[in-house]
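K.L.:
Protein chains in written order, with numbering that gives the first Met the number 0: chain A, 0 to 241; chain B, 0 to 241.
Some hints could be false.
As the list makes no split between identical chains, a pair holds if one copy fits it or if it spans any two.
For lysine to any residue, the following SDA-like pairs were computed, each having C-alpha atoms within a straight-line distance of at most 20 angstroms [said to hold, decoys possible]:
#1 Lys-132 <-> Ala-181
#2 Lys-175 <-> Phe-210
#3 Lys-1 <-> Asp-88
#4 Lys-175 <-> Ser-68
#5 Lys-37 <-> Leu-2
#6 Lys-192 <-> Tyr-162
#7 Lys-34 <-> Gln-200
#8 Lys-192 <-> Glu-7
#9 Lys-192 <-> Ala-69
#10 Lys-175 <-> Asp-104
#11 Lys-132 <-> Arg-64
#12 Lys-1 <-> Ser-109
#13 Lys-34 <-> Gly-235
#14 Lys-132 <-> Glu-84
#15 Lys-34 <-> Glu-84
#16 Lys-37 <-> Asn-189
#17 Lys-34 <-> Arg-13
#18 Lys-132 <-> Ile-56
#19 Lys-175 <-> Val-165
#20 Lys-175 <-> Gln-200
#21 Lys-192 <-> Ala-52
#22 Lys-192 <-> Glu-153
Since the hints were derived computationally from the structure, they do not count as laboratory data.
Protein chains: 2
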Amino acid sequence: MKLLSPTELESALRDIGARRYHRLHPFHHLLHSGKCTKNQVQAWALNRYYYQAMIPIKDASLIARCDDSAIRREWRSRLVDHDGEQGDDGGIARWLRLTDGLGLDRDYVSSLHGLLPATRFAVDAYVRFVREKTLLEAIASSLTEMFSPQIISERVEGMLASYPFVTRDTLAYFDKRPPQAARDADFALNYCKTIARTPEQQQQVLAALEFKCSVLWAMCDALYHAYVAPNEIPPGAFVPAG
Amino acid sequence: MKLLSPTELESALRDIGARRYHRLHPFHHLLHSGKCTKNQVQAWALNRYYYQAMIPIKDASLIARCDDSAIRREWRSRLVDHDGEQGDDGGIARWLRLTDGLGLDRDYVSSLHGLLPATRFAVDAYVRFVREKTLLEAIASSLTEMFSPQIISERVEGMLASYPFVTRDTLAYFDKRPPQAARDADFALNYCKTIARTPEQQQQVLAALEFKCSVLWAMCDALYHAYVAPNEIPPGAFVPAG
């Protein structure tokens with residue numbers, strides 16, 4: 000292990016994104032190119048809801064272990080983004096408008112009863128990582144946001160072009176995310192480049208991003224297995240209508 | 000144990016406050032009646048700083064275990080109160096203006112090096128309680144705020160009248176607290192009255208408030224022992240100048 004310059008560290012992080020971010024997953028290729036059935040899009044939105052719902056819990060967990068008031072204040076904006084200022088303007092509420100638009104029952108979605116077990120395991124592993132690893136690793140695990148503006152723009156464009164059951168209004172969740180993600184990623188990347196001053200810390204940062212990419216990848220694997228091929232839905236998980 | 004009506008539960012909570020809140024502690028009698036030395040006031044402010052500094056960590060810990068977006072959003076206002084919107088408008092920053100005004104070195108205060116061990120133990124016990132008990136008990140442990148507007152008004156009035164080294168500006172921390180505390184206490188009290196629907200849950204709520212009163216009381220005990228009588232300062236703790 001050698002000490003990387005901050006620029007080299009950023010390059011190594013971007014390289015991980017280029018190789019491991021879930022944009023590359025076969026499920027996303029299907030989703031974004033219009034090759035999913037409506038049922039598969041429903042399964043994606045329903046499972047992804049759990050990830051969305053746990054993000055403020057993940058972020059509050061990070062704030063709860065941070066003794067720097069300035070970082071807590073910065074990180075708090077993520078709580079605002081996801082829980083909103085009012086009842087219906089946060090990311091979670093906007094995600095439920097997506098599942099509404101896809102014809103899913105809102106109570107069923109938020110009950111989490113239809114979740115794939117692997118979705119739950121992956122998301123819970125992420126929350127646990129943020130609670131138990133170092134603050135540096137917890138912050139570094141958010142760095143997938145460096146890559147999310149691209150996947151969001153591909154997703155919105157591809158889904159609007161391909162699916163008659165998807166409208167711009169259904170996808171309103173994604174309208175606000177790119178600037179929020181860019182702001183958050185800038186902060187987290189700058190923090191990691193500044194704080195990771197030993198080869199060991201830099202390797203922790205890189206491993207944290209790899210871990211987080213694996214969380215997102217595992218969620219796609221589970222969707223593919225259950226709803227694409229072999230299309231074997233685990234007992235208890237969401238069974239599409241018809 | 001019998002089931003209390005919501006009004007009876009509130010009365011039982013107020014009764015705990017009337018008997019156990021740290022307003023009754025001999026150290027506060029001295030502090031508010033002008034009988035503390037400047038050194039004793041310094042010791043109070045320095046030790047209380049740790050409590051202030053840990054409050055957002057306690058509150059984020061509560062948010063981190065709450066799966067209700069509306070409660071998280073409500074509780075988030077406490078993070079705003081203590082960490083501020085900007086760098087210097089939060090409760091922690093205002094508390095440091097109090098320790099500044101008392102002639103304490105800011106780096107020394109925030110280093111926590113001068114803390115009484117019992118202060119640390121009491122505050123850490125509070126944070127642990129919020130992390131490990133039920134959400135209902137975590138919320139109930141905040142109910143000392145029902146009683147804080149009274150102690151704050153006695154404190155500000157008493158200290159301004161008695162100590163030439165204390166100005167209204169030094170005590171600016173307390174200006175904002177009564178309305179914040181009243182808003183927070185209303186929410187928490189209403190939550191407990193609504194959610195505690197079994198005798199067991201009501202006893203948990205009452206025990207949580209007793210626990211929290213004990214945290215605040217133990218902090219006063221430690222100050223009294225170290226800086227009033229027998230005036231035995233534990234090794235390593237703040238030693239007043241002169």
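K.L.:
All hints are to be evaluated individually against the structure, with a verdict given for each.
P.N.:
Going through the hints against the structure:
1. Lys-132 <-> Ala-181: neither (24 angstroms within a copy, 37 angstroms between copies)
2. Lys-175 <-> Phe-210: neither (26 angstroms within a copy, 43 angstroms between copies)
3. Lys-1 <-> Asp-88: neither (46 angstroms within a copy, 42 angstroms between copies)
4. Lys-175 <-> Ser-68: between (26 angstroms within a copy, 19 angstroms between copies)
5. Lys-37 <-> Leu-2: neither (48 angstroms within a copy, 51 angstroms between copies)
6. Lys-192 <-> Tyr-162: neither (41 angstroms within a copy, 48 angstroms between copies)
7. Lys-34 <-> Gln-200: Close neither inside one copy (42 angstroms) nor across copies (52 angstroms); limit 20 angstroms.
8. Lys-192 <-> Glu-7: For Lys-192 and Glu-7, the Cα distance is within 20 angstroms only inside one copy (9 angstroms; across copies 56 angstroms).
9. Lys-192 <-> Ala-69: within (17 angstroms within a copy, 35 angstroms between copies)
10. Lys-175 <-> Asp-104: neither (24 angstroms within a copy, 44 angstroms between copies)
11. Lys-132 <-> Arg-64: both (10 angstroms within a copy, 18 angstroms between copies)
12. Lys-1 <-> Ser-109: neither (46 angstroms within a copy, 35 angstroms between copies)
13. Lys-34 <-> Gly-235: neither (26 angstroms within a copy, 68 angstroms between copies)
14. Lys-132 <-> Glu-84: Neither: 30 angstroms inside a chain and 28 angstroms across chains, both beyond 20 angstroms.
15. Lys-34 <-> Glu-84: Intra 36 angstroms, inter 46 angstroms, cutoff 20 angstroms: neither.
16. Lys-37 <-> Asn-189: This pair counts as neither: shortest intra-copy Cα distance 40 angstroms, inter-copy 43 angstroms.
17. Lys-34 <-> Arg-13: neither (28 angstroms within a copy, 63 angstroms between copies)
18. Lys-132 <-> Ile-56: both (16 angstroms within a copy, 17 angstroms between copies)
19. Lys-175 <-> Val-165: within (18 angstroms within a copy, 48 angstroms between copies)
20. Lys-175 <-> Gln-200: neither (32 angstroms within a copy, 41 angstroms between copies)
21. Lys-192 <-> Ala-52: This pair counts as neither: shortest intra-copy Cα distance 29 angstroms, inter-copy 27 angstroms.
22. Lys-192 <-> Glu-153: Neither way: Lys-192 and Glu-153 sit 28 angstroms apart in one copy and 49 angstroms across, limit 20 angstroms.
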